[in-house]
Structures are given as C-alpha cells and as structure tokens.
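K.L.:
Read off the chains here:
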Amino acid sequence: MTMNPDLVAPSREPRQGDVSALDTDRNPGHAEAPVPTVVHPGLTGPIKIKAEDVSVFYGQKQALFDVSLDIADKAVTAFIGPSGCGKSTFLRCINRMNDTIPSARVVGKITIDGQDITDRSIDPVLLRARVGMVFQKPNPFPKSIFENVAYGPKIHGLTANKTELADRVEHSLKRAGLWKEVADRLESPGTGLSGGQQQRLVIARAIAVEPEVILMDEPCSALDPIATARIEELIDELREEYCIVIVTHSMAQAARVSQRTAFFHLGQLIEVGPTEDIFQNPRERRTLDYITGRFG
Amino acid sequence: MNQHTVKAYGDELDQLTAEVVRMGGMTEAQVSDAIDSIARRDVALAKSVIERDEKLDALQHEIERKAIRLIALRQPMASDLRKALAAMKIAVDLERAGDLAKNIAKRGLALIDGEPMTPLTRSIVRMGQLVSTRLKEVLDAYTTSEVEGAIAVWKHDDDIDEHYNALFRELLTYMMGDPRTIGASTHLLFMAKNLERIGDHATNLAETIHYEITGEEIAGDRPKSNATAEDIGDPYTATEIGDRG
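In the order they appear, the protein sequences are chains A and B. Residues in the first sequence are numbered consecutively from 1, following the working numbering. Residues in the second sequence are numbered consecutively from 1001, following the working numbering.
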C-alpha cells in the first residue's frame, strides 16, 4: 500500500529520558521502520501500537486471553464491552499500569512504533510520559492550576527556564480548551474547578509532557452532557496529533468519537473494525447482542 | 432472537413488526378483493375496497409515528435500527400498493355499467392473482425473516412484466378490432398497469426486507423481460408519464 506522507507519524528527535533512546539496538527509529501492514479491516494510516497475544493474569485468574490488536496513529480507537470484559485491563497494559498490581502478570508483546514496551529494561515512568492517561474521575493534584500542568514538564526536565515552562502551560491549557476559563486564576487550586474543567485540566496535564498516545478510561462517566460534549469535541481535535484509545461504557459515545471500535467480552477481543461497521452491521453475533442491548 | 435486557424495548420492536404484518395482510386483502370485484362484477365489494383504503393510510401513519418514537427514545443499533427503518419503508410501499388496488376497484365500478369483456377480464384476473401471490410471498418473507423468500420475489418480477406486455398487446388488438371497446379497454389497460406497479412495490419490499435481515443490499442482476416498453409501444411506460402509479 502507498502511504500518504502526511499521515505518517513524523519521527521524533530522541530527547533526554525518552524511552526510545534507551534501547537503540531494538528500535532503529521510526524513520527506518518498515511501513506497517494493515492486519485489521478498516485500519488506514500507520499503526502506532501493536499488541500480539497479550494475556493478563491476576494471580491464578486469567483476565485477558491472547489479545492481538493493531491501533492506528492519529485516530481514536474505542474499547467497548460489559464490565469485567478486560477492556480496562488491556488499556492498562499499554502504559504498564498493571505493573503496580503485585499479583498481575502480563504475557505477550506490545510494541509502540515497533519498540517492545513490555521489556523489563523499559522504565515505566518514562513510558508513561509517552503514553498519557486520563481516568474516570478527574484527579488534579491538590495544587494550583498552573502547578498541575507544570508538574510533568518540570520532573521530566522538558523546559529550560520559567518562560518556557509558562509557555508550555499556556499552550497545553489552550490545547485542552481550558485556557480562557482559567487564564486569570492560574494560582487557584485545580480542585476548585468544576468536574468538566478538572477533566480538561487533567488532559492539559497529560498533553504538557508531549505524549504520543493518550489513554482514556471512561473520561466522561462522571460528567454532565454539556461537559461530556466538550470533552468529546476535544478528543476529536486531539486525534489529529495523537493516538487516542478510549474505554467507554457509552456505546453512543464510542460511536460519536471513535474511528475504530474493538469489542471485548469475557477477556477476549471478539471483534474490531471501523466504528460505523461495528454499530451498523457487526460480523459477530456477540457484538450484535451487546450493541443492541440483548446481553443476558 | 434473544430478548432485550430492557423488555419494554423488545416489546416495542415486536409491536412495530406486528403492525407492519397487519398492514401487509390488509394490503393483500385489498388487492385480492379488488381483483375479485372485477371477476365477479361485484359492486359492493368494489365499494368496500375503496372505503377501506383510509384504514391503510391511517395504519401507515401509525407505523411511521411508532418507528420515529422508537428511534428517538431507544436509539436502536444495527439490526434493530434496520428493523425500525424497514418498517417505515415497507409501510410506504404498502400504502402505495393499497392506492393502486383502490384505483383498480374504481375502474371496476366504471366497467360494471358496460358490456362484460370476459376474455380480457379473465387475463386481468390471472395477472392479478399472480401479483397477489408475489405480495403474499414477500410478506411471508417479512413475517418469517427468511431472506430466501425475499430474494425469490425479487428475482421473479419479470413474470409480471411479461404478463403485462402480453395483456397490452391483447388490448391493442381488441381496440383496433372494435373501436367501441376503447373506453372499457382503457380502464383494463390502467388496471393492468396498476397491477404491474403493485408488482414493483413487491420488489421494493423484497429489497427492504433483504436489507433489514442482512444489512446488505441484494446483489446480482434482476432478470428483466426482453420486451421493453418501447418494443411494445406502451407510451405510458416508455415515457414514464406521471410515474406515481
């Protein structure tokens, strides 16, 4: 296939602390990486994340069974499925959040731009700077709005001086659509914002460290419809720059914001495809039963 | 099909299907009664067909209202969404077919005053029975959700077209032979045309039902009668004057 050069991820200069710089033997850099092939229907554009036979165990219990999935860059991929289907478990594999659970064991391989992120030599803290995460409940730090966004760039040493830092905070807040609302009160506590504003603050905080991937675990479930619409609009804008993966219980939301949808059930990936196919005419019976509300 | 988790939602979809089946049954009866009224020169039956058309119109509105309500309140997905949309489309085709049946009954009343034209009427009745059978088959496919039935009807529309072309030639011969029959023959000609149109609606129904069941359009070529409208000199079909049946 021919690749539109505009759609191909620009190769990033390895910066200090960038995980891709830690493991140069394994990852020759994006520029030389072969053009990925499309292995899933409806997947256009370059592949950012590639999962191969990923299984997750919590102690003796297996929560995820041999999931293989390609996730496109510059697009929104939605994970849907009933509670306990493994969608969040899989999402948490992408930035190694499962490492924080002592009994959890992940097998299989997940690569981002060809680099194996499950490799023990990868520093999860640096990985999480590349793969940002937004949670169900907004979780701003108990600090000022400015400090919330400045925190990441500071600890990762991404800015040289105060002016640069202030610029980056402003840029991130603008990108998250929050700047106008908070420009005159950057020193107020982040926890004093409304739920929807807090969620956008958290997104600004994630963006501030220039991630490549943004994971969202039910980012709107605690928000009212208006705040939800603003987050969805933001997701749609952000997909031009990032690879976004969203877990949602709202099928209508998955239909609205994503280009591809993956349906999980009982720890298995049942079906993945273009969102419009999944919601109009899925191939799998179980997908149909779930999206039409027939799950028993 | 297993039940919806929200039972009331499943019930609403079932009710919608039931209404469509009911409307289908009424349309079938309208077509076959219109044909019978011609065959038996039955004034009362023809009048009852004309009167009953209102009920079909009302039912169409009812189905449309229910489908819109379901879409607004339940946000149906995939097969359920197709079911709601198909109900609306089917109701439109059935309403049109009902109008055509009414028109046949009206023309029948006009013929009853004149001399019987037995051989021609028999040809119309035969064609009417064929159209009725097609309508019944396609509605059975809807009731049973058997896509093969819909495909069969879709493929066999050429039978009706051939019947129409034969009748058209027969009527022309008749009119040329005896100009006094032109008035009555014209009514018969329009009846034949109306029946052919009902056949077209049956084909539309087959396409809608196929889409509802499979989510895909019917693939393949539909056989068309060899004789085109121009070949047989039918000005109505050839130029599609007032193509609303």
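Treat the hints as calculated values from the structure; they're not laboratory data. Backbone N, C-alpha and C define an ideal beta-carbon position, used for all residues, glycine too. Just to be clear, a hint being listed does not mean it is correct.
A few chain A positions that, by computed beta-carbon distances, are all more than 12 Å from chain B [said to hold, decoys possible]:
id	residue
1	LEU91
2	ARG130
3	ASN139
4	GLU187
5	PRO282
6	ARG294
7	PHE295
Computed Cβ-Cβ distance ranges for the label pairs, DEER-style [claimed, not checked]:
id	chain 1	residue 1	chain 2	residue 2	range
8	A	GLU276	B	GLN1015	41 to 51 Å
9	B	THR1144	A	SER250	33 to 43 Å
10	B	GLU1062	A	GLU181	41 to 51 Å
11	A	PRO82	B	GLY1220	37 to 47 Å
12	B	ASP1014	A	LYS174	32 to 42 Å
13	A	PRO82	B	GLU1216	43 to 53 Å
14	A	LYS180	B	ARG1065	37 to 47 Å
15	A	GLU276	B	ARG1065	19 to 29 Å
16	B	ARG1069	A	ASP53	23 to 33 Å
K.L.:
So which of the earlier hints does this model not fit?
P.N.:
5, 6, 7, 8, 12, 13 and 16
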